[in-house]
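Asks: Sequence:
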Amino acid sequence: MAGPAARQGKAGGTPGAGREKPGFSFLVCPDGHMLRAALDEALAAWPPERGQWERHVFWGDEEPPPRFWELLSLEELFGASRAVVVRQAQLWPAAVWKKLSRAIARPSARTWPFFCLEGEWEKRRPRIPAHITRLRCFAFADERGWVWRGEGLAERDVPRHVRERAKALGVAFAPDALEQFCASVPPDGLAIENELRKLALMAGDKPVTSAMTAVGGWTPECNVFACIRRMENGDLAGVWRELARSEDSDRLLFSLLALLAREWRLLWQAAAGEEVRLHPSDASFKRALAQRLGPLGLAQGFAALADAEWQVKSGRRTPAQALESLAVQMTALCAPPRRG
Numbered sequence: 460m461a462g463p464a465a466r467q468g469k470a471g472g473t474p475g476a477g478r479e480k481p482g483f484s485f486l487v488c489p490d491g492h493m494l495r496a497a498l499d500e501a502l503a504a505w506p507p508e509r510g511q512w513e514r515h516v517f518w519g520d521e522e523p524p525p526r527f528w529e530l531l532s533l534e535e536l537f538g539a540s541r542a543v544v545v546r547q548a549q550l551w552p553a554a555v556w557k558k559l560s561r562a563i564a565r566p567s568a569r570t571w572p573f574f575c576l577e578g579e580w581e582k583r584r585p586r587i588p589a590h591i592t593r594l595r596c597f598a599f600a601d602e603r604g605w606v607w608r609g610e611g612l613a614e615r616d617v618p619r620h621v622r623e624r625a626k627a628l629g630v631a632f633a634p635d636a637l638e639q640f641c642a643s644v645p646p647d648g649l650a651i652e653n654e655l656r657k658l659a660l661m662a663g664d665k666p667v668t669s670a671m672t673a674v675g676g677w678t679p680e681c682n683v684f685a686c687i688r689r690m691e692n693g694d695l696a697g698v699w700r701e702l703a704r705s706e707d708s709d710r711l712l713f714s715l716l717a718l719l720a721r722e723w724r725l726l727w728q729a730a731a732g733e734e735v736r737l738h739p740s741d742a743s744f745k746r747a748l749a750q751r752l753g754p755l756g757l758a759q760g761f762a763a764l765a766d767a768e769w770q771v772k773s774g775r776r777t778p779a780q781a782l783e784s785l786a787v788q789m790t791a792l793c794a795p796p797r798r799g
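The sequence shown begins at 460 in our numbering and counts up one residue at a time.
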């Protein structure tokens, strides 16, 4: 498979490239945009005999419904070819995976299951639950080249990825504008893709200039979400990098306070066992964070938010000072305990 996601995979290329169509595939990547690109390229590499692949998407934060099992086992002589895609499949418990391993033991010519394992990587290796890696179906897929691995983007990968995607989209950068753009976007495939498409519309047939990147680039509002992600991962260095991209501390502080207050209310509800609507890709992490913080940690977070607002409104601190203090407090609260 061409592109950065493939080159970061262990085997590289489309799963099972050069052989028969895989009976089933594992896509291991924390970046949803790169994962979708790998899926698209795999389906394009093995088109069905008739028509196009009919996609059916399920999510791992819910038990697989009866329709899922029907799609895996249904054999129709003249039926459509089906790509059965499971996002966040690493969230399914061991019991589901055992049943699934038996269900895909005899692959179907008209059904192609894709299991997307989207957990974060550590030390350039994916974290995959042991109850999945121990399954015969996973080992078999790995032996046959049916497992595609993509590490996703790190800070060091952003310039290369931007150049490749800009070339694919027909976006030309002035040299100084390219450097400025790469410094302003997070290492996230979807965010970069969206910003490049905005610049393509803005520039038309002309090269992108620094003035265009300043207008159309990653905005302070978007930095807020990146800051919260970094805080919740205990990544203080990452928080400082995100804060450094904004020159408006006043605006950023109050945007951050509002969104952190909303986030903390959701975590409080999750810790209390209430039904909370969370994005499927974050649900497992957020619930684990809520349990780890517990009532005391969550109360301390609410106190830090109230104190930051009071310090600014009372004139005791500037927005920049309050922002720095809040970043340190919230990141320290969320940071996982150190081992040993």
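Quick caveat, the hints were computed from the structure, so don't treat them as lab data. One or more hints might be untrue.
Here are the computed distance ranges between Cβ atoms for each label pair [said to hold, decoys possible]:
{"id": "1", "residue 1": "PRO795", "residue 2": "ALA504", "range": "35 to 43 Å"}
{"id": "2", "residue 1": "LEU725", "residue 2": "ARG622", "range": "32 to 40 Å"}
{"id": "3", "residue 1": "ASP635", "residue 2": "TRP769", "range": "22 to 30 Å"}
{"id": "4", "residue 1": "TRP769", "residue 2": "ASP520", "range": "19 to 27 Å"}
{"id": "5", "residue 1": "LYS772", "residue 2": "ALA747", "range": "32 to 40 Å"}
{"id": "6", "residue 1": "PHE599", "residue 2": "ARG724", "range": "18 to 26 Å"}
{"id": "7", "residue 1": "LYS665", "residue 2": "GLY538", "range": "33 to 41 Å"}
Quick reminder that beta carbons are idealized off the backbone N, C-alpha and C, glycines included.
Asks: Look at each hint and say if it fits the structure.
Replies: Against the structure, the hints:
1. Remark: the range hint 35 to 43 Å for PRO795 to ALA504 is upheld by a beta-carbon distance near 40 Å.
2. A C-beta distance of roughly 38 Å is found between LEU725 and ARG622, which places it inside the suggested range of 32 to 40 Å.
3. For ASP635 and TRP769, the Cβ-Cβ distance of about 42 Å falls outside the hinted range of 22 to 30 Å, so the restraint is violated.
4. Taken as a hint, the range 19 to 27 Å is violated for the pair TRP769 and ASP520, whose Cβ atoms sit roughly 37 Å apart.
5. Evaluation of the 32 to 40 Å hint for LYS772 and ALA747 yields a pass: the beta carbon distance comes to about 34 Å.
6. Checked against the hint of 18 to 26 Å, the pair PHE599 and ARG724 fails, with Cβ atoms roughly 45 Å apart.
7. Here the CB-CB span from LYS665 to GLY538 is close to 49 Å, at odds with the stated 33 to 41 Å.
Against the hints set out earlier in the document, violations occur for numbers 3, 4, 6, 7.
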